[in-house]
Amino acid sequence: MKKMMKAASLLMAGALTAVSLAGCTNEPVQSTDSVGSNQQGNSSANSGDTITLRFMWWGGDDRNEATLAVINQYQELHPNIRIEAEMNSDQGYVDKVSTMLANGTAPDIIQQNVDSLPDFVSRGDFFVDFYEYPDLFDTSGFEKNFIDQFGTFDGKLLALPTGMSCLATVANTEAAEACGIDLTKQITWDSMLEDGAKLHTENPDFYYMNVDTKILCEYVLRPYLRQLTGESFIVDSEKRMGFTRDQLVEALQYIKDCYDNGVFEPAEDSATFKGQIHTNPKWMDGKFVFAYGPSSSISLLTNAIPDTECTVVQMPLADNRVNDGYFADTPQYMTVNKDSENVEEAIKFLDYFYNNSDAQTTLKDVRSIPPTTTARNLCDEEGLLDSTVVEAVNLAANLNGKSDKGYTTSAEVYAIQEDMVESIAYGQSTPEEAADNAIELITDYLSTVN
Amino acid sequence: MKKKEIRIGITYILLGIFGIIMLFPVIWMFFACFKTNNEIFGSLALLPEGWSLDAFIQGWKTTGTYTYAQYFINTFLLVIPTTLLTLASCSIVAYGFARFDFPGNQFLFMVLIATLMLPNAIIIIPRYSLFNKLGWLDSYMTFFAPAAVGCYPFFVFMMVQFLRGLPRDLDESAYMDGCGPFQCFVKILLPLLKPALFSAGLFQFLWTWNDFFNTNIYINSVSKYPLSLALRMSIDVTSNIQWNQVMAMALVSVIPLIILFFSAQKYFVEGIATTGMKG
Amino acid sequence: MAKAKAKEKPRHGGWTKRNKIGFSYVCIWIFGFLVFQLYPFISSLIYSFTNYDIFHTPEFVGLDNYIRLFTKDQEFWNSMAVTLKYTFITVPGKVVLALIVALILNRNLKGINFIRTVYYIPSLLSGSVAVAILWKVLFMNDGFINSLLNAAGLPSVKWLGQPSMAVVTICMLEIWQFGSSMVLFLSALKQVPQSLYEAARIDGASKPRMFFKITLPMITSIAFFNIIMQLITALQNFTSAFVVTNGGPNKATYVLGMKLYTDAFKYFKMGYACATSWIMFVVILIITLVLFATSKKWVYYDN
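Chains as they are written, first to last, in the working numbering: chain A, 45 to 494; chain B, 3 to 281; chain C, 1185 to 1487.
To be clear, the hints were calculated from the coordinates, so they are not data collected in a lab.
Errors might be hidden in some of the hints.
Label-pair ranges, simulated between beta-carbon atoms [what the hints assert, rightly or not]: (1) B:Leu16 / C:Phe1239: 51 to 61 Å; (2) C:Val1341 / A:Gly274: 17 to 27 Å; (3) A:Arg289 / C:Lys1269: 27 to 37 Å; (4) B:Gln185 / C:Pro1392: 54 to 64 Å; (5) B:Leu16 / C:Lys1269: 54 to 64 Å.
Where chain C lies over chain B, by a calculated footprint (3+ residues, C-beta under 8 Å) [said to hold, decoys possible]: (6) 8 to 17; (7) 32 to 40; (8) 50 to 63; (9) 106 to 120; (10) 149 to 163; (11) 197 to 203.
Pairs of lysine-lysine, DSS-like flavour, derived with a Cα cap of 30 Å [to be verified]: (12) A:Lys283 / C:Lys1256; (13) A:Lys446 / A:Lys229; (14) C:Lys1294 / B:Lys268; (15) B:Lys5 / C:Lys1481; (16) B:Lys196 / C:Lys1201.
Bear in mind that the values here come from a model prediction, so they are computed numbers and not experimental data.
For each residue, glycine too, the CB sits at the ideal point set by N, CA and C.
Working from the sequences, and respecting the hints, build out all of it.
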């Protein structure tokens, strides 16, 4: 009893000490010791003859298996190389990568998300320029203008695109038939709202489109605005927003209408499957007609309903659009860490990964359509590519939208978009309120980037 | 008399029912290891349809490079040295506080108590930056170093309280007999301190084992992941989560704690009772 | 127990050779305290006035971070509200439940130790990812809890999807782990002198009256300590919000701990995150001081 009281009174005294300590340090002191270099060399030295490379990526089962198989092939060919596979998850992947880059503990080879790479490149000199190693890495398999557009920053090839991909609308043919949806018709924003609302009224169990609040940013909000304005969400070169308040309100109102009319499943229900919409039981039960997904991960959606035939249809295109808004892209990049102790070995492995025919036929389309002409031809000859993936990329090849990867897709701006969409989805703000708030936050963000 | 027996009987039944409710999630977790996803979701049945150990085997193997064997080894490599270092440093510091009346002892002890209240959240960023400068990130040094220098005021406090409860004559007479202070500590006080050491050790083991906030920030390489990070990774690394495997590994990851607890519950309870730890 | 007396005699014994050795033992802690606690504590305050981001040299920005937190950052206010809501549900919930169960278990029945052990198991797993994952599975839309509700003829609840319910789900996880508070109360109840009850019984006092007049006052100091430690833990919660709901839906479980983590380790706004952590610290301090100030009114001192 007494002991407890004493502890309590000591605690009190402690609290007061803490306050007084705080008081002592209140003067603004310019810290000098906080200026530190982040250059921590990787401590894993060449131990003996074995060289260990760390290779980090994320992906589903198919991608993991194929990538591990390529690693094993390479290790068999090069017994002195050991490649540690660091398979991570999509969720929190970008956070992990940015932390590791910041503190110098990054793996030698990293698969990078397209969204976040420009941000990393602008923050520091983290990645190897593949053009500096022409003897080790053969870039001839890539089409020049493809790697110029994807992976080249200021004339340096800092990242290698892992494939040719696009955003895709996957259709469940059985559900479409059951609900009388014509899959040959070009979807427009208006038709999506109209058909979706009708579908849900007639078949209350069914929904038109399987989405989550993050997908909505990339597949609806931004393309909608791009078709309206012909510009990126944020115009990086001028550091300004590519839309007006009214245009943003319109796009948000559209999302709200879709939720209100049952085009999308209510956010309360789909929240649990955020980031993994293919695990939504309604999708598995065939209660969605369409789902959005990148061409690189179409298999996630189709594998979840193995007995049903799936196809892809063109992305929504407004009749009066400035441009198509959607575009062909690369699903991810591969980068080699500049601080790696074994830069050359890492590059050699990537050369195998991209240019060796065994690797190419093993990897097939696990990262969408292969990026090199050699791999495409080879896989095509052997019939290794999934026809839905090919179809999706073909559909996107004709679209003339422009990529918006950059400030728009930096972690912070992405979060602003997501919050905006969520507050609409949950009916917590009106489109006007959400737009005003987001514009304020983005303005603020743009004022801090240099 | 009869009435009393009935009342006791009712008490037992109520305690039993409430106990089952308390433990129900854990019991459910055990059975979930043998279920398919379809049985786990949308079903009320507690018992699984089959008793295949597949989930344990597949879950243990994982789809990645490392099996749970590696994660278990990592966890032990992280937790055991951290615990031992904590015990060594905290007990000697507690000895310094409890048995020597050097000037400033009381003030320093007050500061120690004050740090009990210091939220981890406030120091995590500068610590991270400090560890970064020292090149310790992504290594277990981030846990060993604070443990080695007694940065767990809870345990120091607990052991000081315990030492104060031991008669001073014990070590003072040994001191008179020519033992040095350190010898006194090792030979006389340390054996007596055993219950407190056990309690502190158990809690430090438990906390480090369960810790997610710090490991998540400090440890980056999958090859160094302890169980907590491996589990977190398991829920989103594969495309179609086999929940029975996740549940199986979650269960396996806490089994050592449960065994430890049942074999040493006396010390747990004592530890909480004497210092009011959050447990 | 009553060793406090010993300390009141001489203030200290001077720098004898023996005391110097003793001091050297304490120096281990002093070193640790300075390097791993005081230095981070002070630098955190200093960083909070800078735009520190780990990549560049920090620049002094005055009160900007704090001004932004208070005037611009709606997310901060949301996080503050969520954290306080979480704290004010879990702390009383946990303490009251722990007290009730301790009262029931505070009797000499056969096998009572085993029952106590069982009640403690959830606390054993507190903060572990395993339990957070379990919670997520149990409370999913078609998870076991909803199946149970349906079987009882009740409609499903969107535990994780509906913003107002998500906080409740997380709180339940926390309250479920009341075991350590319970053990504390049990030890306090054991120390209440039986003579008091006997005297009351002779006076013909009823059971509820005995509880309010004897038991409750005698354990207030433990309750007080319990509440303070639980408060500090609850205000810093991170793991359950991160693993079970990842801060969502619509930021309904985006506690301060998560905001801090995201700002610091995702956006690298470390200076800003330090400012947030200092506000968190001040909130903890204020609540603690208020409790201390009012403690004279409700905490019973037995000396």
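Going down the list of hints, with the structure as the test:
no.: 1; hint: B:Leu16 / C:Phe1239: 51 to 61 Å; in the structure: 60 Å, holds
no.: 2; hint: C:Val1341 / A:Gly274: 17 to 27 Å; in the structure: 45 Å, violated
no.: 3; hint: A:Arg289 / C:Lys1269: 27 to 37 Å; in the structure: 32 Å, holds
no.: 4; hint: B:Gln185 / C:Pro1392: 54 to 64 Å; in the structure: 57 Å, holds
no.: 5; hint: B:Leu16 / C:Lys1269: 54 to 64 Å; in the structure: 32 Å, violated
no.: 6; hint: 8 to 17; in the structure: holds (count 5)
no.: 7; hint: 32 to 40; in the structure: violated (count 1)
no.: 8; hint: 50 to 63; in the structure: violated (count 0)
no.: 9; hint: 106 to 120; in the structure: holds (count 9)
no.: 10; hint: 149 to 163; in the structure: holds (count 5)
no.: 11; hint: 197 to 203; in the structure: violated (count 0)
no.: 12; hint: A:Lys283 / C:Lys1256; in the structure: 21 Å, holds
no.: 13; hint: A:Lys446 / A:Lys229; in the structure: 24 Å, holds
no.: 14; hint: C:Lys1294 / B:Lys268; in the structure: 17 Å, holds
no.: 15; hint: B:Lys5 / C:Lys1481; in the structure: 41 Å, violated
no.: 16; hint: B:Lys196 / C:Lys1201; in the structure: 28 Å, holds
The structure is inconsistent with the numbered hints 2, 5, 7, 8, 11 and 15, although it conforms to all the rest.
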